[in-house]
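Using the sequences provided together with the hints, build the complete structure.
The chain contents come next:
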Amino acid sequence: MSADPQTPPPATATATATSTATATASPAKLQTAIDSLSSIVPALSTLTPSNLLTNPDLYSNISALLRQPNSGAGDNNLCRWLYDTFQSGVADLQLLVLRFLPVIAGVYLSRVADRKPQAGFEAVLLALYAHETTSRAGQPVSITIPDLTQPSVYHEATGKSPSKSTGAAESDLAVVSHALEPHGTVRSTRRARIVGVALELYYTKIAHMPISSKIDFCEFCKVWAGQEGEMYEKFEEDEEENEEGGVGSAMEVKVRKKVEGRVPLCWELLQPVMRILAHCLLGPNNNKEVVLFEKANEACRSLFARSMHDVNPKAILPMRSLMRLSKTLMPNSKHLDPTELPYSDVISL
Amino acid sequence: MLCACSGEQFKFEEAPQSPESLATRDFSASGLSSRTGDWESKFDETQVEDVESTLKETLSLNYEEARALLGRLEYQRGNFDAALKVFEGIDIRDLAPRMIRAIAERTKQRKPRSKGDNVLPNVMSMHSVSLLLEAILLKSKSLEELGGYTEAAKECRIIVDIVESALPKGMPEGIGEDCKLQEMFHKALGLLPNLWIKAGFLDEAVTAYRWALVKPWNLEPWRLACVQKDLATTLLYGGVEVNLPSQLQVNGLTTPMSGTEEAILLLLILSGKMALEEIDWDPEIMDHLTYSLSITGMFESLANNVEKVLPGVYDRAERWYFLALCYSAAGQNEVALNLLRKACASSEAKHRPYFPSFLFAAKLCSLYPNHAHEGIKFSQEAIDLAKHQNEHFLGQGQKFLGTCYGAAARISVLDSERIIFQRESLKFLNAAVALNGNNDPEVIFSLGLENAIQRNLNAAYDNLIMYSDMMAGSSIRGWQLLPLIVSAQQRFKDAETIVDFALDEAGSVDQLQLLRLKAILQITQKQPKQAIEIYRILLAVIESQKEHWLQAKAFWHEALTQQKLEMEVWQDLATIYADLSSFLDAKACVDKAQLIEFFSPRSWHLTGLLLESRTLHKEALVSFLVSLSIEPDYPPGIISAAKLLLKFGMQSLPIARSFLMNALRLDPTNHDAWFNLGRVSKMEGSLQQAADFFQAASELKLSAPVQKFE
Numbered sequence: 001m002s003a004d005p006q007t008p009p010p011a012t013a014t015a016t017a018t019s020t021a022t023a024t025a026s027p028a029k030l031q032t033a034i035d036s037l038s039s040i041v042p043a044l045s046t047l048t049p050s051n052l053l054t055n056p057d058l059y060s061n062i063s064a065l066l067r068q069p070n071s072g073a074g075d076n077n078l079c080r081w082l083y084d085t086f087q088s089g090v091a092d093l094q095l096l097v098l099r100f101l102p103v104i105a106g107v108y109l110s111r112v113a114d115r116k117p118q119a120g121f122e123a124v125l126l127a128l129y130a131h132e133t134t135s136r137a138g139q140p141v142s143i144t145i146p147d148l149t150q151p152s153v154y155h156e157a158t159g160k161s162p163s164k165s166t167g168a169a170e171s172d173l174a175v176v177s178h179a180l181e182p183h184g185t186v187r188s189t190r191r192a193r194i195v196g197v198a199l200e201l202y203y204t205k206i207a208h209m210p211i212s213s214k215i216d217f218c219e220f221c222k223v224w225a226g227q228e229g230e231m232y233e234k235f236e237e238d239e240e241e242n243e244e245g246g247v248g249s250a251m252e253v254k255v256r257k258k259v260e261g262r263v264p265l266c267w268e269l270l271q272p273v274m275r276i277l278a279h280c281l282l283g284p285n286n287n288k289e290v291v292l293f294e295k296a297n298e299a300c301r302s303l304f305a306r307s308m309h310d311v312n313p314k315a316i317l318p319m320r321s322l323m324r325l326s327k328t329l330m331p332n333s334k335h336l337d338p339t340e341l342p343y344s345d346v347i348s349l
Numbered sequence: 001m002l003c004a005c006s007g008e009q010f011k012f013e014e015a016p017q018s019p020e021s022l023a024t025r026d027f028s029a030s031g032l033s034s035r036t037g038d039w040e041s042k043f044d045e046t047q048v049e050d051v052e053s054t055l056k057e058t059l060s061l062n063y064e065e066a067r068a069l070l071g072r073l074e075y076q077r078g079n080f081d082a083a084l085k086v087f088e089g090i091d092i093r094d095l096a097p098r099m100i101r102a103i104a105e106r107t108k109q110r111k112p113r114s115k116g117d118n119v120l121p122n123v124m125s126m127h128s129v130s131l132l133l134e135a136i137l138l139k140s141k142s143l144e145e146l147g148g149y150t151e152a153a154k155e156c157r158i159i160v161d162i163v164e165s166a167l168p169k170g171m172p173e174g175i176g177e178d179c180k181l182q183e184m185f186h187k188a189l190g191l192l193p194n195l196w197i198k199a200g201f202l203d204e205a206v207t208a209y210r211w212a213l214v215k216p217w218n219l220e221p222w223r224l225a226c227v228q229k230d231l232a233t234t235l236l237y238g239g240v241e242v243n244l245p246s247q248l249q250v251n252g253l254t255t256p257m258s259g260t261e262e263a264i265l266l267l268l269i270l271s272g273k274m275a276l277e278e279i280d281w282d283p284e285i286m287d288h289l290t291y292s293l294s295i296t297g298m299f300e301s302l303a304n305n306v307e308k309v310l311p312g313v314y315d316r317a318e319r320w321y322f323l324a325l326c327y328s329a330a331g332q333n334e335v336a337l338n339l340l341r342k343a344c345a346s347s348e349a350k351h352r353p354y355f356p357s358f359l360f361a362a363k364l365c366s367l368y369p370n371h372a373h374e375g376i377k378f379s380q381e382a383i384d385l386a387k388h389q390n391e392h393f394l395g396q397g398q399k400f401l402g403t404c405y406g407a408a409a410r411i412s413v414l415d416s417e418r419i420i421f422q423r424e425s426l427k428f429l430n431a432a433v434a435l436n437g438n439n440d441p442e443v444i445f446s447l448g449l450e451n452a453i454q455r456n457l458n459a460a461y462d463n464l465i466m467y468s469d470m471m472a473g474s475s476i477r478g479w480q481l482l483p484l485i486v487s488a489q490q491r492f493k494d495a496e497t498i499v500d501f502a503l504d505e506a507g508s509v510d511q512l513q514l515l516r517l518k519a520i521l522q523i524t525q526k527q528p529k530q531a532i533e534i535y536r537i538l539l540a541v542i543e544s545q546k547e548h549w550l551q552a553k554a555f556w557h558e559a560l561t562q563q564k565l566e567m568e569v570w571q572d573l574a575t576i577y578a579d580l581s582s583f584l585d586a587k588a589c590v591d592k593a594q595l596i597e598f599f600s601p602r603s604w605h606l607t608g609l610l611l612e613s614r615t616l617h618k619e620a621l622v623s624f625l626v627s628l629s630i631e632p633d634y635p636p637g638i639i640s641a642a643k644l645l646l647k648f649g650m651q652s653l654p655i656a657r658s659f660l661m662n663a664l665r666l667d668p669t670n671h672d673a674w675f676n677l678g679r680v681s682k683m684e685g686s687l688q689q690a691a692d693f694f695q696a697a698s699e700l701k702l703s704a705p706v707q708k709f710e
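For the protein sequence lines, the chains are A and B, in the order given.
Under the numbering used here, residues 1 to 349 are what the first sequence spells out, in order.
Under the numbering used here, residues 1 to 710 are what the second sequence spells out, in order.
Any given hint could turn out to be false.
Unchecked claim - No more than 20 Å apart at the CA atoms, straight line, and that leaves these computed lysine to aspartate or glutamate pairs for EDC-like:
#1 B:LYS169 x A:GLU156
#2 A:LYS258 x B:ASP469
#3 B:LYS108 x B:ASP161
#4 B:LYS215 x A:GLU156
#5 B:LYS308 x A:ASP147
#6 A:LYS116 x B:ASP504
#7 B:LYS229 x A:ASP147
#8 A:LYS327 x B:ASP230
#9 B:LYS387 x A:GLU228
#10 B:LYS387 x A:GLU156
#11 B:LYS708 x B:GLU684
#12 A:LYS116 x B:ASP469
#13 B:LYS273 x A:ASP147
#14 A:LYS258 x B:ASP462
Said to hold, decoys possible - Chain A stretches covered by chain B per the calculated footprint, using a threshold of three residues with CB under 8 Å from any CB of chain B:
#15 90-101
#16 137-146
#17 191-203
#18 271-280
To be verified - Examples of chain A residues lying across from chain B (beta carbon under 10 Å, computed):
#19 LEU53
#20 VAL175
#21 MET330
No lab work stands behind these hints: they were computed from the structure.
These figures come from a predicted structure and were not determined experimentally.
Glycine included, C-beta positions come from ideal geometry on N, C-alpha and C.
Next comes the structure, spelled out in structure tokens:
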């Protein structure tokens, strides 16, 4: 295809563009959501459709309510509001609900073992799951393993002759997320999958998620891991030192106390968790968000400790890499800007 | 306009009159060459003066060039505001067409005559173009310094646009030798995406990276690699999907369909370059690649790439451990174990033992009964090391040790040895539970399984209940083992209830296994009709899902499991019909099973039983022996053969006895074997011994699960 190389890139700031578009499209639904929310949370009565997404108090207020005991019950008004708001189908409102997913998933999973009724949380999670099920239309999420013997826009073919160009297509398919079966209730063996898929949805929208939501996510990662990551604080640095530290602490730990909130981390849950965490840790602009980076770093250590404890190679490999990569981003390691012009007093013409 | 910002804001200690006064002067925009005279006296700043005089002597300096030079001076001093003011006087949009023409014309000319620069009239010189490009670049960088990232990015894009329009086919060879055009352009290419990222426009940044990569811009290998790596990481961690524009989706070329795929492609290219030593080794590339291939589950590809890493990058033990992780994650545990054997072997004895290798090896061995003894060694070493450095892992080491002892007991030939192993197994598993049990449900499951196998049913039941509680019912393994334990307690109705609960909590794939368990429970309770009904449903579901599993290679594991289940269902049905003396139906079921897998010991065993029922003893024996030739350690085949031999009379008794003893060695809790052994003893006349055997058989039968614990 010979297209014009001068074609300007697609319009920027898609986020703001779509938000204004939908805001004008369904003002009635926005207003309903605001009205019902302010009846549940009186502190948020000053909300208007224009500041709904930007109101600074909204997140802290709602997430505090979500953390209260009994917050996830079936008759909980806030859960119902979250459910209804997500079902309204307005993209902005769905993003708004999605912000609270870390808190919902975090509180929910940590409370599951207590066998408290959490129908409210489950309804919200199932709504997110159903949304993904519909949008994926029974297809698994898969990616093709790039074949370097075939040329691409970024490289020329290497060496071997391109023998099989059509037949190889299917065999190199890797399934990232299996096709979804519809669920009307949370079956306990599918719980991790349902939460995992909701987190996959969160990940696809992560560019629109506020920092506070991501910070909460990182904190819950630590809770889920249920493992102290301190022993890996000086990961691969001073192993000798580590050894001595280990002997010292050996005396204290005999029988470990029960850690609250530790959850079984199967691949279905761990995979989206690691992707979100990687974004929090290494995503662009994270140097501006010191708090997020710190939290993500701690979460990363905890999850790495957990994966080492479980001797789970599928988790050790990515977590180990993330640990190493995060170290290069530590504030003390300076990065040189290769685009910087060399300073000189000589003017060359 | 520009005069608004004058001297007092930017005072220089050495120069009372700041150089930006040049910028504030009102030049006529049309002024082409230097207008000397009246502005010379204004400058007492030595550096500027020097520059000016040199310029005047050697070249004619036009208005824009002068601003470009002056702006650079200000920039280098750190007066970004002032620099910006100076640069703003250059109307680049007006100049752009001329610059494009100049670049296009002069690069075209370059090839035949190397020094043809000055021949073209009315075309800007390359020096001039470079100078102007540099001015825009510095303007962009000044804006960046002042925090105007979006503006900076827009400025920077002008450079890219100009050069790209002039050179649509990429940078010609050798252009960088005598002018700064290429250098400026390369800097702009590198700067632009960074500016967009700082401005918060990731999609623009990705587009900018792609611009830099898809055309031959003569970037040095390291710079190209840098851009590739930056694009890959932006795509991997940015959290935005930026579709490849249609002009980059060329037929016949591999086209990545998602950001992750594109990132992996780039990282693979980079790792290929490192393998060929075209660029220096960069551990970050390997880490990004590891991360990206791991989260997409492509561990086999990852292993291949780690294999390609040049020697000397990792030390041996580290490399083996890394590879073992990859292969194990890809499901090739035997390969992983082989690598770990090397990593833990005596060749590494001089080095500090790498603890994770030992623990990992212990875990892998604990998964396979045939590696039990090796696993015991690895676990003990892991425990020893843990005591010294990683106390934290002590419980894990004990868990693997206990599991391996349990497996060792099962393959043990000597009775005395088996008892010791079983005791050790429980000892270490209990220790592990005491240490980690509060937080690690898996260790409780291991203890429960071992207890069940040793027929400590009450303890096993308690363990499993605790396990299910901790997992909040989310473990399918727990749901499968618990009803077996309850069935071993001969509480079949309860077992059935548990299976029903489990069916409510399971996903569709796991439900199939549970349905089979439910049917087996029905058989045990002598309700063949219900059992057959369940099997009918089960077969219908399998049939309906078959197409789905067979459609892609990615599901081969699931497809195999389904196939095995289908075969087992037919075999179960054959047993039911044989018990009901409906031999033709039974034969039909066995045939179905054999269509799926011809060499299944159980199918041959069932064929033998059917032949035996038709009193075709010789043929039956042949069938049993076929099943044993497929799987020599198949206790039901051994027992049936022994039973048949008993029918042949006294002379076969010693053979039958040895068969049965062998079966008991393989499966010490097999009540059928004990019972037949009793019969042998009775026929031989040792009644006391026979009574003992019968008693063992009856006791074992009362604690036998409907399916083997595993």
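Hints and how they fare:
1. B:LYS169 x A:GLU156: This hinted pair holds, its Cα atoms lying about 16 Å apart.
2. A:LYS258 x B:ASP469: Judged against 20 Å, a Cα distance of about 14 Å means the pair holds.
3. B:LYS108 x B:ASP161: holds, 19 Å
4. B:LYS215 x A:GLU156: Holds. LYS215 (chain B) to GLU156 (chain A) sits at ~12 Å (cutoff 20 Å).
5. B:LYS308 x A:ASP147: holds, 15 Å
6. A:LYS116 x B:ASP504: holds, 18 Å
7. B:LYS229 x A:ASP147: With Cα atoms ~18 Å apart, LYS229 (chain B) and ASP147 (chain A) stay inside 20 Å; holds.
8. A:LYS327 x B:ASP230: Roughly 17 Å separates the two Cα atoms, so the pair holds.
9. B:LYS387 x A:GLU228: Measuring from Cα to Cα gives roughly 18 Å; hence the hint holds.
10. B:LYS387 x A:GLU156: Distance ~53 Å between LYS387 (chain B) and GLU156 (chain A) Cα, so the pair is violated.
11. B:LYS708 x B:GLU684: violated, 31 Å
12. A:LYS116 x B:ASP469: holds, 13 Å
13. B:LYS273 x A:ASP147: holds, 15 Å
14. A:LYS258 x B:ASP462: holds, 19 Å
15. 90-101: violated (count 0)
16. 137-146: holds (count 6)
17. 191-203: Satisfied; 4 residues make the cut.
18. 271-280: holds (count 5)
19. LEU53: Violated, because the Cβ-Cβ distance from LEU53 (chain A) to chain B comes to roughly 16 Å (cut-off 10 Å).
20. VAL175: holds, 4 Å
21. MET330: violated, 14 Å
In the structure shown, a violation is registered for the earlier hints numbered 10, 11, 15, 19, 21, in ascending order.
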